[in-house]
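Fit chain D to the given chain U structure using the hints.
Chains as they are written, first to last, in numbering that gives the first Met the number 0: chain U, 0 to 318; chain D, 0 to 348.
These are computed hints drawn from the structure, not numbers from a lab.
Please note: incorrect hints may appear among the correct ones.
Think about it this way: if two alpha-carbon atoms lie no more than 30 Å apart in a straight line, the pair counts; the simulated DSSO-like pairs of lysine-lysine are [as the list claims (entries may be wrong)]:
1. D/Lys-158 to U/Lys-55
2. U/Lys-67 to D/Lys-158
3. D/Lys-190 to U/Lys-63
4. U/Lys-255 to D/Lys-158
5. U/Lys-238 to D/Lys-190
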Amino acid sequence: MISIQKKALLAMVSAAALGAAFMAPGVASAAAPAHYTFAMITHGQPGDTFWDIIRKGANAAAIKDNVKLIYLANPTASGEAQLIVNVLQQNVDGIALTLAFPDSLEPMVKKAIDAKVPVVGFNAGGDNWKQAGLMSYVGQDETVAGEAVGEKLNTEGVKSAICVDQQQGAVQLEARCDGIKKSFKGNLFVLYVPGYDMASAQSRIVAKLQQDSTIGYVVTLGAPFAPTALQAVAMSGSKAKVGTFDLTPRATSLIKAGQLQWAVDQQPYVEGYEAVDLLWLYKTNGDVVGGGGPVLTGPTFVDSTNVDDVARFAKTGTR
Amino acid sequence: MTTVTQGVAPPLARRQVAPQALWKKVLKRPEVGALGGVILVFVFFYCIAPPFRQLAAFTTILYQSATLGIPAVAVALLMIGGEFDLSAGVAVTTSSLAAAIFATQVFGNVWAGVAVALVVSLAIGALNGYLLVKTKLHSFLVTLSTFLMLQGLNIAITKLVTGSVATDDISTMAGFNSAHAVFASSITIGKVNLSIAILYWVIFALIGTWVLLRTRVGNWIFAVGGQGDSARAVGIPVKKVKIGLFMLVGFAVWFTGMHMLFAYDTVQSGAGIGNELLYIASAVVGGCLLTGGYGSAAGSALGAFIFGMTTEGVIYADWDPDWFMYFVGAMLLLATVFNGWLRARASSR
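Extracted from the complex, chain U is given alone in its bound form:
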């Protein structure tokens, strides 16, 4: 029995070692030793295309600026707060974070500022970053982006629409739906779907379209849900059109094919890139970009008129 357990343990350990060997060694630095170490902390769910693009942008900036980048993510408020403590103990030279849970993160941000570590915000927290004491903020104003979508729906004469939210309770997603509500003259219904369970997402969208036949538009808050929404529309026999926030290569090809109407692009690659670059500019040149206001990366609409230009970059996973 004991020997069997030992064997199993040995197998586990060697499996773990094998796993470690596979792990990518972070950002491969250039020939010269890195000047600074920055940390990027997000609330992204692991295995989500959107966050992967942000990370690619951040890595590109880290290589160009010759800094070491530590990327950490936890989708919960307490988890993200704990990560700030963790990187402060590692004595990083700057922190870029998503302020998705402002109240929980503020005390930790204060700690970082007290320790003279510059902190910039990106992607989430457009309404709270100043109050939390962040140096700058780069991203899309989600409410403004939502309003832009609402206006678009108005010009198309839509009476009723649904907003498909894949993470109930995340402030930046709520802000998008609220933005649409603000400017949209028709009825907006928010539909929550669980994480990345496509079968559930599809069934729930179909159910909503069957429940209310006046719905003229389905707006998804994550691009991976756009193809699912299109299928749901076809299945329910509804005439609704589909638009989405954010981009994926698949969404780009659907816009090209004329099935998906548009995507609101906040350019996650730029968000990741700029967040690291802002820290580098501050450390090397004392620059604070934005002059007290946010540095906006969106919203830009990708539709049939400009999709060809975007598609080239979407293929490499940077748009």
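Just chain D now, kept in the frame of chain U:
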């Protein structure tokens, strides 16, 4: 005098026993409680949600139930055999990722990917069973470990191979159309869209029920889950049964994974987390005991159906979306309590 009493007594006794045995036979079935729950939830939403009454709505509900119900049949058999599988949710994603990656990066044909994915899924099941039998740890712990390891591997390997965290679109590849037809086609009858997954779900539930009630293996599963030591003493291959049950879950998970892949063309590597609890919940609502040795395959289908009706019903009823999860949880709890109450009444009678 004596001849009269002798002549009357036996038929009287037979009449008393026969109807009661029939009652008990029906009402003591594990899935009866779940059937009560199904009727309760159905009548409830039928009354308050007008769209719920349409045939199209019914097929949407069946589809949602089928995607949970297919793995739930295997999970129910495993639970009757006395074990848990927490890795089933992410293993679905593992299977579809394996198929997509091997198809796009290695073979150039989706059917080869499908075959590799089957091997991978069965191997994961066998590994779960083997570790369980060899280490003698509780299956909760063994499968929790594989759950976490698969979760990491899904993301890490996908990223290592494809350079991003989602797989490439496979819908233009060789063999896609035939694979789509097998795993994810749908038939449109009038205005109603019926997914083939529903058909498979019903077939799997029937096969599961037949195996449990009519075959020797079925008897073994009940014996292994209820009285492991006694089962071993009478010569039942307990270890083989357990490993086999985990591989059965592997098969169901593979099947679900193939459906997800061919129905939605790409897979996000973070998907599937949390669904294992829904499979287990379906099995338990359907009458499986958490301690093993008791339950039914048909019941797991009814359990999945209750969950499907509840999640879709809340939308058809047009309730405030902020309360969505609360409503789903509350309805499930109600259905389960009602289910238990009905079962208790049935067995006391």
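We went through each hint and held it up to the structure:
no.	hint	verdict
1	D/Lys-158 to U/Lys-55	holds, 12 Å
2	U/Lys-67 to D/Lys-158	holds, 21 Å
3	D/Lys-190 to U/Lys-63	violated, 57 Å
4	U/Lys-255 to D/Lys-158	holds, 26 Å
5	U/Lys-238 to D/Lys-190	holds, 14 Å
In summary, the structure is inconsistent with hint 3 from the numbered list given earlier, while agreeing with all the others.
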